[in-house]
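Residue numbers (our numbering): 87 to 263.
Just so you know, the hints here were simulated from the structure itself, not pulled from any lab data.
Hints are not guaranteed to be accurate.
Distance condition first, Cα-Cα at most 25 Å in a straight line; then the derived DMTMM-like pairs of lysine to aspartate or glutamate [said to hold, decoys possible]:
#, residue 1, residue 2
1, K115, E93
2, K115, E164
3, K115, D247
Given the structure is predicted, the values throughout are model-derived calculations rather than measurements.
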Amino acid sequence: MPPLAAESIRTERLVLLPLAVEHADEMAKALGDPSLHTFIGGAPDTAEALRSRYARMLAGAPDPAVSWCNWVISLRAESCLAGTVQATVSPSGHGRAAEVSWVVGTPWQRRGVATEAARALVGWLADRSVHTAVAHVHPDHLASAAVAAAAGLRPTDRVQDGEVRWQADLAVSPRPS
Numbered sequence: 087m088p089p090l091a092a093e094s095i096r097t098e099r100l101v102l103l104p105l106a107v108e109h110a111d112e113m114a115k116a117l118g119d120p121s122l123h124t125f126i127g128g129a130p131d132t133a134e135a136l137r138s139r140y141a142r143m144l145a146g147a148p149d150p151a152v153s154w155c156n157w158v159i160s161l162r163a164e165s166c167l168a169g170t171v172q173a174t175v176s177p178s179g180h181g182r183a184a185e186v187s188w189v190v191g192t193p194w195q196r197r198g199v200a201t202e203a204a205r206a207l208v209g210w211l212a213d214r215s216v217h218t219a220v221a222h223v224h225p226d227h228l229a230s231a232a233v234a235a236a237a238g239l240r241p242t243d244r245v246q247d248g249e250v251r252w253q254a255d256l257a258v259s260p261r262p263s
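Make the full structure from the sequences, and use the hints.
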């Protein structure tokens, strides 16, 4: 299967823009609240650290069979970046599977931004013949669990590094030509 590449995805309020190194300065501000690291650990990255990380991400996965698809979440009405979504797409026994994640800056939380972005991402993956979407959510992170559920994922009994595996079997449809 050919690798996937992030493409712009439009929703009612958002545009998911393929990640670019140039997004680092605005994203450092958008994701600068230390409370975003409550469940994942660490601390907010500086713009310089994000530029370096984004450059590595854009270089692609070391395994050519794996696609790293990364987007920034742009709020159309506010003309600003509010977070990120990502999918690591890998071959599996049945075709392709994707590990997905999302993060939305504190000022834009509780507005449905993460839910809208995650739904758009999962839909985009299904349209590209990805059969399974997986996310790992800390059991105490109720907001992320709600986003995962709204995107069609369901909790499983599997736990990895203290996080519950959520999974959706996507209704795979052929990509429009």
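Inset, instruction - Any hints from earlier that this structure breaks? Give me their numbers in increasing order, please. - result: 3
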